[in-house]
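Each chain sits in its own coordinate frame; assemble them with the hints.
Next come the chains, spelled out residue by residue.
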Amino acid sequence: MNAGSLPRWVVALAAVGGLFVVLPVVALALRVDWARFVPLVTSDSAQAALLLSLRTSLTATALCVLVGVPMALVLARTAFRGQRLVRSLVLLPLVLPPVVGGIALLYTFGRRGLLGSSLSAAGIDIAFSTAAVVMSQAFVALPFLVLSLEGALRSVGTRYEAVGSTLGAGRWTVLRRITLPLVLPALVSGAVLSFARALGEFGATLTFAGSLEGTTRTLPLEVYLQRETDPDAAVALSLILVVVAVAVVGVAHRVRPLGSTAPSSPRPVREVR
Amino acid sequence: MGLAFSATLAARGFDVSFELAPGETLAVLGPNGAGKSTLLTLLAGLLDPTSGRATLDGAVLFDVGAGRRLVTEPRHRGVALLAQEALLFPHLTALENVAFGPRSRGEHRAAARARALDWLGRVGVEDLARRRPAELSGGQAQRVAIARALAADPSLLLLDEPLAALDVAVAPAVRTLLREVLTGRSAVIVTHDPLDAFLLADRVLILDGGRIVESGATAEVLTRPVTAFGARLAGLNLVHGRATASGFAADNGLEVPSAAPLPADRRLALTVRPGSVTVSRSPDTPPGTSRVGAEVDDVEHRGDVVRVHAAGLVADVAPADVVALGITPGMRLFVGFRHEDASIYPL
Numbered sequence: 001m002n003a004g005s006l007p008r009w010v011v012a013l014a015a016v017g018g019l020f021v022v023l024p025v026v027a028l029a030l031r032v033d034w035a036r037f038v039p040l041v042t043s044d045s046a047q048a049a050l051l052l053s054l055r056t057s058l059t060a061t062a063l064c065v066l067v068g069v070p071m072a073l074v075l076a077r078t079a080f081r082g083q084r085l086v087r088s089l090v091l092l093p094l095v096l097p098p099v100v101g102g103i104a105l106l107y108t109f110g111r112r113g114l115l116g117s118s119l120s121a122a123g124i125d126i127a128f129s130t131a132a133v134v135m136s137q138a139f140v141a142l143p144f145l146v147l148s149l150e151g152a153l154r155s156v157g158t159r160y161e162a163v164g165s166t167l168g169a170g171r172w173t174v175l176r177r178i179t180l181p182l183v184l185p186a187l188v189s190g191a192v193l194s195f196a197r198a199l200g201e202f203g204a205t206l207t208f209a210g211s212l213e214g215t216t217r218t219l220p221l222e223v224y225l226q227r228e229t230d231p232d233a234a235v236a237l238s239l240i241l242v243v244v245a246v247a248v249v250g251v252a253h254r255v256r257p258l259g260s261t262a263p264s265s266p267r268p269v270r271e272v273r
Numbered sequence: 001m002g003l004a005f006s007a008t009l010a011a012r013g014f015d016v017s018f019e020l021a022p023g024e025t026l027a028v029l030g031p032n033g034a035g036k037s038t039l040l041t042l043l044a045g046l047l048d049p050t051s052g053r054a055t056l057d058g059a060v061l062f063d064v065g066a067g068r069r070l071v072t073e074p075r076h077r078g079v080a081l082l083a084q085e086a087l088l089f090p091h092l093t094a095l096e097n098v099a100f101g102p103r104s105r106g107e108h109r110a111a112a113r114a115r116a117l118d119w120l121g122r123v124g125v126e127d128l129a130r131r132r133p134a135e136l137s138g139g140q141a142q143r144v145a146i147a148r149a150l151a152a153d154p155s156l157l158l159l160d161e162p163l164a165a166l167d168v169a170v171a172p173a174v175r176t177l178l179r180e181v182l183t184g185r186s187a188v189i190v191t192h193d194p195l196d197a198f199l200l201a202d203r204v205l206i207l208d209g210g211r212i213v214e215s216g217a218t219a220e221v222l223t224r225p226v227t228a229f230g231a232r233l234a235g236l237n238l239v240h241g242r243a244t245a246s247g248f249a250a251d252n253g254l255e256v257p258s259a260a261p262l263p264a265d266r267r268l269a270l271t272v273r274p275g276s277v278t279v280s281r282s283p284d285t286p287p288g289t290s291r292v293g294a295e296v297d298d299v300e301h302r303g304d305v306v307r308v309h310a311a312g313l314v315a316d317v318a319p320a321d322v323v324a325l326g327i328t329p330g331m332r333l334f335v336g337f338r339h340e341d342a343s344i345y346p347l
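Protein sequence lines, in the order shown, are assigned to chains A and B. So the first sequence is residues 1 to 273, counted in our numbering. So the second sequence is residues 1 to 347, counted in our numbering.
Keep in mind that the hints are not guaranteed to be accurate.
[Said to hold, decoys possible] Rough simulated footprint, nothing fancy, chain A against chain B, three-plus residues with beta-carbon under 8 Å:
1) 62-76
2) 97-108
3) 173-180
[As the list claims (entries may be wrong)] Coverage of chain A stretches by chain B, computed from C-beta distances (three or more under 8 Å per stretch; other residues unrestricted):
4) 175-182
5) 234-244
Keep in mind that the hints were calculated from the coordinates and are not lab data. We put the CB at the ideal spot given by N, CA and C, even for glycine.
Bound-form chain B, shown alone (with noise of 0.2 Å):
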């Protein structure tokens, strides 16, 4: 039960394999052109594979390979697909709009008005059911058609950067509504925001070019970043290295001992917040800690901490102290931290 994916398209060199759970919800995530939105209209059925199979709930999406083409309709699948623009039918009213759904599944006009009633109720716009989409607002707009999407009681909800259109002032107030209408449904939601990842979703799927490169439980993606990408999602410094004798080498130059036995047969990853990376400009190396002399590549203010970039690491660090220390893009200086701040983990 639930959801199982795997299709390819050779048009976009596109092949992804995954599972979902019943009630779960994936975030996917990934640089443009990565196939997140080629993933969703797979799913949708406004495309079809060149090879691949995907059942929900048992039912087969699509099934398409040598010597057999399965593919149902995108009415048949219980998919509904919520889009960055809320693409509400503008000579419908806000209320026609829900009971689109139900009314198109052969629900009687007064049982499927008291659905969309209900569903307008729950995503908080009862009192716009009579407004034609031009009269309403973006947040209202995309809460409608959150609630188009759910009369519509789909087995799967797919959402495309649904919050990516909406002012900064009321994506909040959206993400919260997602978060409780998502809860206990299993849905796939392509984004570009982090947060939606953090706060919306149970797992993780991260492409690149078309395939998966990282995917997991949402928390074990956020500790254990494998890919840059990930990384930078997490939050965290990534460099990549091999188990030695005394412990970890860094593909950078860092030396950081284990106390520990690493697997000496497998590529390492480190880890260490930029917070906890410090710069400076003597090579003198305290115990337990690591250092190693590069030159700065790129300096950029960032709320309140100036991100420092060397060594392929960044550093936060205080305004006054770059100031101090007179940081400037092409100076060398030495990048560190304490071994303590650091996790080391196999690919």
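The shape of chain A in the complex, shown without the other chains (with noise of 0.2 Å):
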């Protein structure tokens, strides 16, 4: 690597900036209790948590690949009033703590919700069940699979489409072997970013789901959990959830879009990294 071009400090700071975010995820790696790790990451509520995690959080996938396409479609090649309000809207969960978006969920879907109260007149009750930390961690996540969709789509553009549609192609068939192969890569990076930030999601799932051993209580809440009481444990699953994140950057930083060297959705992918 070539720093001569660059001022001294700002490598300096760049180093520090560095040291700042890996030092923690070394640290934490040093004080895993080797010895222990595996019956430590296999016992019962541990278990239950890691696959309860996984399930919620590829289902909450699923939820965000099914709506968030149309909507990355819908932004991105119609043109509407009030299109950039719905844009910010939807980007909100990004930036809103997540314990308020929980609460906002709770008032919601919660039993004295403003959909739950008829749900719940029905016999539905979402708020403390699974259904509910799906929900709450598809809402957290699917801002990330449409911002990063919507900037491939648009980056794209829609001359392939033209071209498609002059040679006989229909709507659907464009869409089908037009665009989506186009932003498929930004697609796979988009899915990859919201299965991590949903595997990761505590303050939503906390205040919607609660926090019930095999039901509700997800990797993340039994880090916090077991940190009061079993120090180790909470460092050997921590490391766990850190192994994913890592896998996680790999691909979505991985995964190129058709004929261009730069990630792509630029701007999602590289605040992850």
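Here's what the structure looks like:
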């Protein structure tokens, strides 16, 4: 690496920043009680939390893809009044404190919430269930997918789609055979980021879903709980989340758009990196 | 039958009408912003006109006006677009790109692939069928794009500066290929390159400011241009003027006698090749020639001649003569030509 073109103090500050990010992770790894590592991460409560986290995060990611792809398409390919406002609102969960998101969800889907009271009358209780976990995770993870996909759709442009339609392809064919394949790398990295965000969700989950073992106590909640009673278990479980996070960053960073050398959606991907 | 087109687009001051017989190729030329690309996007259906009507082989492309609004979707128009860039779908192989049109029209996979392979063969890149667009050169990609456009079996082929992005080394070969595939096919080609009009088009349409300023058979436009743009295309000097008792008086002061009577009530055009225009320091006018004094506006080097601009004319002068006469911008001299080298016709 050639640092010659930059003032030295810039390089020094960059090094400080890098250490600030890396050092805590190293400290965590150093604190792991390797002798008890396997028993700690395979205890009943740890297993339950891990399985619940994987299940709910995958479901939340699927949910994000299901509604996030249409949202990104509408934002990138249509023009309507108030579109900028809608885009800002969609991004709200990104900047909202998760605990506030949890409270908002509670007053929407909780027993006495906006929709929850009607749902409750129909015999459906969402709050403090596994469904509530999935909804909390999807709520905070959705903007990641929408943002990265919308950016990719805009940078790909509509020229290929125009060619496709002049060649006789209908809207569905254009979407299926041209638009989506072109943004597939961004879709994959967006989904991976959403999954990571869902896996790490804490505040909204605790507020809206509570912390019931096997039902709503996901891995981050388990880590927080174990920290009180068995710090070694908390550290071991944290390390698992770190490994998953590193893997996610690796995948999200590796996926590049077709025929380009830049990351598929520079904004959100770089933030995570 | 063929193409009948008439459309306005208020936002761009566009108002153009023309007809094209089946199997003819029309070259559309004009300065930047003249409305050439607008014309293509209207035909392709990527843009809707403010008003107008177009039919292709009897089928309505659009019919928009007071109380009626019929706009056929791009995919049902039978119009294929070939752009400056090949715009091959980057995630599909060359073969899959060419098979896209037939597949979209409901042809079965095997039949579509067979047709695609046939077209790749016809444009001379059969051996590249399995390559992705990223693995093709510019010329190869444009050949595949031509095959893709033609495999969709369009009634009308639109070409938007198809050679502009190509290397000068490969453009001639692709132009030859276009000449082959355009024979007997209805096509509209937008171009900056006069050569495309000469070699590919039966008819020429010159646009300026969203209007047609000149149109006709290619040969006619090239021998009798009526606009400055058309004259430049034809490589001719054009001066406007009127009839006098003895012949023709140009707006720049030139007078040319004419044996045949000229129509007195119409504006006239005089054209003469730059190579036939001579310059001299003396005002002497030999019999059978006309001369006019003027200041030299500009002098530019062009291949093996020096082009001298004066009195609204250009003269191609041998470099040695430029030195002998000491021609520089701003000096006064006399430009003229022999009467037999000029042709005069009504606008």
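Whether chain A covers the segment 97-108 of chain B (at least 3 residues having a Cβ closer than 8 Å to its Cβ atoms): holds (count 4)
Three-residue Cβ test at 8 Å for the coverage of the segment 173-180 of chain B by chain A: Contact hint for the segment 173-180 of chain B vs chain A: violated, 0 residues under 8 Å.
8 Å C-beta criterion, at least three residues: is the segment 62-76 of chain B covered by chain A: With 4 residues in contact (Cβ-Cβ under 8 Å with chain A), the coverage given for the segment 62-76 of chain B holds.
Coverage of the segment 175-182 of chain A by chain B (three or more Cβ within 8 Å): Per the Cβ count (4), the hint holds.
Claimed coverage, the segment 234-244 of chain A by chain B - three or more beta carbons nearer than 8 Å: violated (count 0)
Consistency note: the structure conflicts with the earlier hints numbered 3, 5.
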